[in-house]
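Line by line, the protein sequences give chains A and B. Numbering-wise (my numbering), the first sequence opens with residue 1 and increments by one. Numbering-wise (my numbering), the second sequence opens with residue 1001 and increments by one.
Since the hints were made in silico from the structure, they are not lab data. None of these values were measured; they are calculated from a predicted model. Careful, some of the hints might be misleading.
[Stated by the list, open to error] Restraint-style ranges between C-beta atoms, simulated for each label pair:
1) 181(A) with 1014(B): 53 to 59 Å
2) 1091(B) with 394(A): 38 to 44 Å
3) 1278(B) with 299(A): 20 to 26 Å
4) 413(A) with 1031(B): 56 to 62 Å
[Unchecked claim] Simulated coverage check for chain A against chain B, where a stretch passes if three residues somewhere in it have a Cβ under 8 Å from a Cβ of chain B:
5) 43-49
6) 116-127
7) 153-159
8) 238-247
9) 346-352
10) 419-429
[Stated by the list, open to error] Rough simulated footprint, nothing fancy, chain B against chain A, three-plus residues with beta-carbon under 8 Å:
11) 200-210
12) 378-386
Beta carbons are placed, not taken as given, at the ideal position from N, Cα and C, and that holds for glycine.
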Amino acid sequence: MSSTTESSAEQLIRRFRDVVGEDGLLYRPEELIVYECDGYVVEKNAPDVVVFPSTTPQIVELVKICNDLNVPFVPRGAGTSLAGGTLPVGGGVMITLTRMQEILEINYRDRYAIVEPGLVNVHLTQALKGSGYHYAPDPSSQGACTLGGNVATNSGGPHTLKYGVTVNHVLGIEYVSPQGELMRLGGPQEEMPGYDLTGMFVGSEGTFGICTKIWVRLTRDPAAHRTLLGIFETVKDATETISAIIGAGIIPAALEMMDQGIIAALEEAFHFGFPLDAGAVLLIETDGLEVSVEQEALDIERLCSENGAREVRRAGTEAERQLLWKCRKQAFGAIGRLSPSYCTQDGVVPRTKLPEILECITESSERHGIRVVNVFHAGDGNIHPILLFDERDPEQIKRVMAASDEILNRCIDLGGSVTGEHGIGVEKISFMSRLFTEDDLEIMGRIRMAMNPTGSCSPSKMLPTAGACGMEHIERSHPGKQAHA
Amino acid sequence: MSQSPKSITEFSPVSAKELARFLRDNSKGERSNVFPVGGRTALQFLGPHQTTGTLLSTHQIADVIDYPARDMTITVGAGMRTSDLSKILAEENQELPIDISHNQRATIGGAISCNVSGPRRYEQGTFRDYLIGMAAVDAEGKEFHAGGRVVKNVAGYDLCKLMIGSRGTLGVLTEITLKVKPKQAHLEAVWINCESFEIIDLLCEKMLNSATRPVAMEAFTPAACQFVVADARISFPTDYPVMLVFYEGTEKKLLWQIGMLRSELDHPGVRSIEEVGDESSKLLLGTLTEFPDGGDVPATFQANMRPSRVASFLEYCTSRNISAVARLGNGIVTGHLPDDIGPETQKSVLDELSAHTHKDGGNLILLNAEEPIASELSWWGRAEQSWSVMKAIKQSLDPSGLLNPGGTPFE
Ligand SMILES: Cc1cc2nc3c(=O)[nH]c(=O)nc-3n(C[C@H](O)[C@H](O)[C@H](O)COP(=O)(O)OP(=O)(O)OC[C@H]3O[C@@H](n4cnc5c(N)ncnc54)[C@H](O)[C@@H]3O)c2cc1C
Ligand SMILES: Cc1cc2nc3c(=O)[nH]c(=O)nc-3n(C[C@H](O)[C@H](O)[C@H](O)COP(=O)(O)OP(=O)(O)OC[C@H]3O[C@@H](n4cnc5c(N)ncnc54)[C@H](O)[C@@H]3O)c2cc1C
């Protein structure tokens, strides 16, 4: 074991076994391979032990044991993080929440649900189906990712444009603190006195403790929607349309863009009938009351045409609409047809700066000889350039990193950020000192100290310094990428 | 700056830099208490006050820093008056859809620090949904920022959320970036007279599946109703419990929704359903927004509960002649105690109200109270386990407790 002596490793496993039983533990090297990385495959490091609690008291016990033995731990949901959020830097324990997946309560009268952290996002949607209510944040990974992971990363999704991200839908959180105390923040009452710690916990990327229960807000289903597909000759026409729509005061429920590269892969996978020669398509959904959506759809159609759309199609039936969304949400799945590995970036720019950033992506792609395709949340200015490569070729990895860095640095220059929804994790840690001043980071470090005094929970994540006390022995297993000054 | 005991001095820096310098010098030198202030409209809400220290006013830090209207974001100095902000946004047909009281005087920094919200919170949300970036200065003069100017951003800890509602106890906000929305063309309120609060409860349940999408749903006790009618200069029946439903949007959208609402709420216990009209609806929204400021009443409270508990709470308030307004969809009730009861009765009424909210995990805080009860009551209600975490956060950002001492629940 890297971070514990041999005897303390044995002690750790024995004590864990007492809490979760043998079938709640993995520690043989061959079993751990699956856990050496998440959706971010560029950096890898296996944990020493993976443990699968099924109750909150078990988590309390596990954390106390980790603290007793001075072993770091990292929470993990489904492992779909695209920023290496679950990477056990320096080894230690991975606490996986996937066995805690109950919906504990659905309360329509007070518009909330209480769920366990390992619940898969789409399972909540399915449980609410037909009730007239839904849980709004819908990451494209919703078929796999967990609500606990969504809370930790403050996930968004295509419908974020109108409905907001995870933090706009979380009322309360129960968590096991890094010291092993069970804590509760917020709840179904909206305005409890004091600081909004619930709001701050969301997006803390697993560094404030292990979330064990979540109170989420339920949102009314829209009464009606119109789903449109605008087909454009060029990416530029498509991005200008986005500005025109938002500039006209229309906030669609979703406004997603896909470029030619991704259209081809999707067409091969789903045979939707996407035109293969189009430069880009916009998937636009407007929702609301029946009396208003039709007018909004007409306005959007007009704006698309005025900005050079070759054609605007409408999903005529619910089945067609579902197919369009399936294409969008499974776009990443279709990438397997294009390349053995890929790395998705998550920059954000003010939406009027989309043409500039897309130009930068094209230039970087050419300069570094790395193919890039784009499918992203255009209405929010949240880009997802997908860099295609072969993980087995270290030289390609270098070029992917260089191109990614270039794109993200440009996002900062354009007044944006390096992550809109995937988080900093380990992947973008070196950008923090470009985005924030030393003083900003020092203040964030103080907050981390207050929430996670020993730094034992998810060390070496998000902030450039571990912010740790007594955890100095934990080193990153790979050097991080460097942002240029 | 010399200071005698029990004296308040005042300082109004013209820039964030100057503000930071003041706090830096203060923390190294005199270490006097510092009370950040904006429009000073909420100071009366803040409980028995400290009497020594410096009022640090942000009112001169009020410029527009960046307003890329097509990106629907705006960055301004924290001392900007909220009415000025509304005017600037209105020029682009945009708005920050949060109802802020005393908006001619209140500053955006003050409103955020108090997490102000009004009736439209039901549909439009709170500052948590709009504050996307900020700059602030800590007690020792360190300038820091968080978030940014883009609508979606998860880089670093979300200190914006921490600052919302922190009432100047963690740092002084100097710059604010907000996400804004297109301004809605019309507002229309519907006045629904009901036989009882039980009927209001039933209507709330019906509204859960209404085909319409209200932006606000309010209810009042009869005492509040009389005040509301007089203040908004409207004439509607006040002798029965009232529920108010607000809609926003195009005329076509409003017309359709009001028609639909009438048919959905056609129920034996509903005595009348009347449209208030565009102009009067705006006045009514204003009256409800200003309601927490009760003037000379002996005590003003805010009770937080699950929405399903509101109707019975209002019924109790009515029995005690309390003037109370409820955000029906959010479970927030603001009430003023009547001035014709003595201090002992006031205390026992507040105890009963608190017990009512605590039953289901809610809370009741005091916004304002007169002596003698002011110094005898717990302003923040029942202690919560999370206060220990808040304390750790406060200590990490203001270790010497210089900013707004006494302004947190856990002190
Ligand atoms: C194909 C694909 C599409 C995606 N699309 C989107 C998208 O549209 N929008 C979006 O926002 N993201 C998207 N993502 C990223 C990812 O799915 C999200 O970040 C998601 O929220 C992660 O959830 P998870 O359960 O997989 O968490 P993990 O990957 O297991 O963990 C993510 C982070 O959360 C922490 N964590 C997990 N559970 C807990 C817990 N219970 N308590 C405390 N911390 C915890 C981990 O330590 C880690 O830091 C996508 C990913 C993929 C692979
Ligand atoms: C508990 C409470 C509940 C309220 N509820 C409502 C409500 O529901 N609806 C409503 O419309 N109004 C409400 N108000 C009143 C509302 O807060 C004021 O109308 C106004 O928004 C405050 O702005 P101001 O500039 O006048 O702040 P001030 O009155 O000057 O200050 C208010 C508080 O904010 C702090 N503060 C001010 N500026 C800054 C800054 N730049 N940085 C850090 N801290 C600062 C002060 O220290 C003080 O604690 C409430 C007030 C309080 C205290």
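So, going through the hints one by one against the coordinates:
{"no.": "1", "hint": "181(A) with 1014(B): 53 to 59 Å", "verdict": "violated (45 Å)"}
{"no.": "2", "hint": "1091(B) with 394(A): 38 to 44 Å", "verdict": "violated (55 Å)"}
{"no.": "3", "hint": "1278(B) with 299(A): 20 to 26 Å", "verdict": "holds (24 Å)"}
{"no.": "4", "hint": "413(A) with 1031(B): 56 to 62 Å", "verdict": "violated (41 Å)"}
{"no.": "5", "hint": "43-49", "verdict": "violated (count 0)"}
{"no.": "6", "hint": "116-127", "verdict": "violated (count 0)"}
{"no.": "7", "hint": "153-159", "verdict": "holds (count 3)"}
{"no.": "8", "hint": "238-247", "verdict": "holds (count 3)"}
{"no.": "9", "hint": "346-352", "verdict": "holds (count 5)"}
{"no.": "10", "hint": "419-429", "verdict": "holds (count 7)"}
{"no.": "11", "hint": "200-210", "verdict": "holds (count 4)"}
{"no.": "12", "hint": "378-386", "verdict": "holds (count 3)"}
Of the numbered hints given earlier, the model fails hints 1, 2, 4, 5 and 6; all others are met.
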